[in-house]
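All chains, please: the whole structure from these sequences, using the hints.
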Amino acid sequence: DAKTTQPNSMESNEEEPVHLPCNHSTISGTDYIHWYRQLPSQGPEYVIHGLTSNVNNRMASLAIAEDRKSSTLILHRATLRDAAVYYCILRVLNNDMRFGAGTRLTVKP
Amino acid sequence: GAGVSQTPSNKVTEKGKYVELRCDPISGHTALYWYRQSLGQGPEFLIYFQGTGAADDSGLPNDRFFAVRPEGSVSTLKIQRTERGDSAVYLCASSFLGRGGTGELFFGEGSRLTVL
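Residue numbers (the numbering used here), protein chains in the order written: chain V, 1 to 109; chain Z, 1001 to 1116.
Careful, some of the hints might be misleading.
[Claimed, not checked] Below 35 Å or equal to it, Euclidean Cα-Cα: the simulated DSBU-like pairs (lysine-lysine) are:
id, chain 1, residue 1, chain 2, residue 2
1, V, Lys-3, V, Lys-69
2, Z, Lys-1011, V, Lys-3
3, Z, Lys-1017, Z, Lys-1078
4, Z, Lys-1078, V, Lys-3
5, V, Lys-3, V, Lys-108
6, Z, Lys-1015, Z, Lys-1078
[Stated by the list, open to error] If you only want the chain Z side, here are some residues facing chain V, beta carbon under 10 Å, derived:
id, residue
7, Val-1004
8, Ala-1031
9, Glu-1044
10, Ala-1055
11, Phe-1066
12, Gln-1080
13, Thr-1102
14, Leu-1105
15, Phe-1106
16, Gly-1108
These are calculated hints, taken from the structure and not from any lab test. By construction, the Cβ of each residue, glycine as well, lies at the ideal position given by its N, Cα and C atoms.
Rendered as C-alpha cells:
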C-alpha cells in the first residue's frame, strides 16, 4: 500500500521537458512528498521533496497541487542520463517510506 | 567512504541455510531502513529503525526474517531457513531525522541474495 499512483512508463525526447505525475489522494496534512529515482543496477537516489509549496533544486522541480492530492516532478531538459525509474513516495508522520512500482522513464535521443 | 555501505554485495546460498546481511549507515544518521527489491519491482519496505529500536517492522514477511541495530549504527538483517523466494536485492538506507534533517534517504548499493 504505497499510497501513491503513477503511470507505469513514460517516454521523452532528449533536451525536452518531462512532467512525471503522481496521485496521492489520501495524503494527510503532515505527509511530505518525496521523489526518488533509480538508475539501472543502482540503489534509489533522492531527487526532491516538498510539503505544500513548489520546490526547485539543481536536479528538478516539484509542483504540488493546491489540494495536495497530486504532484508533478518536472525535469526541465531531459538527458539520456535521466532514464530511470522515478518513485513518488509519501513520508508519513512515523517516517515510514514505502515505494510503489514507479514510472519508468525512457529518453530518446 | 561517506556513503551507506552494504556487505556482502553478492551472496549465493542454498535453500534452508542462514544468511546475514550487513548495513553500515552514514555516520550520525538516526534512522535506518531495510527494503528488498525483486526484478522489475519497486523496493518493498521491510523494517525501519530509529536509533536502536525497530520503529516499524510490519514489512517483515514472516518470522524467518529478523533485523537488529544494537548500538544505533550498524544493522544486520538475518534470514533463517532461506527459501528460493527470498532471492532479491536487499537495500539499506539511512536518514537523519533530527532537527534540521530533511528525511532524505541515502541508499547503499544493495546486497544481491540468490537462494539455490
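Hints versus structure:
1. Lys-3(V) - Lys-69(V): Given pair Lys-3(V), Lys-69(V) holds - Cα atoms ~11 Å apart, limit 35 Å.
2. Lys-1011(Z) - Lys-3(V): holds, 32 Å
3. Lys-1017(Z) - Lys-1078(Z): With Cα atoms ~11 Å apart, Lys-1017(Z) and Lys-1078(Z) stay inside 35 Å; holds.
4. Lys-1078(Z) - Lys-3(V): holds, 28 Å
5. Lys-3(V) - Lys-108(V): holds, 30 Å
6. Lys-1015(Z) - Lys-1078(Z): Satisfied, since the Cα-Cα distance of roughly 15 Å is no more than 35 Å.
7. Val-1004: holds, 8 Å
8. Ala-1031: It holds, given that the least Cβ distance between Ala-1031(Z) and chain V is near 6 Å, below 10 Å.
9. Glu-1044: Since the shortest Cβ distance to chain V is 7 Å, the answer is holds.
10. Ala-1055: holds, 7 Å
11. Phe-1066: Hint violated; Phe-1066(Z) Cβ to chain V Cβ min 19 Å, cut 10 Å.
12. Gln-1080: Nearest chain V Cβ about 25 Å off; hint violated.
13. Thr-1102: holds, 7 Å
14. Leu-1105: Nearest chain V Cβ about 6 Å off; hint holds.
15. Phe-1106: holds, 7 Å
16. Gly-1108: It holds, given that the least Cβ distance between Gly-1108(Z) and chain V is near 6 Å, below 10 Å.
Hints 11 and 12 from the list above are not met by this structure, while the remaining hints are.
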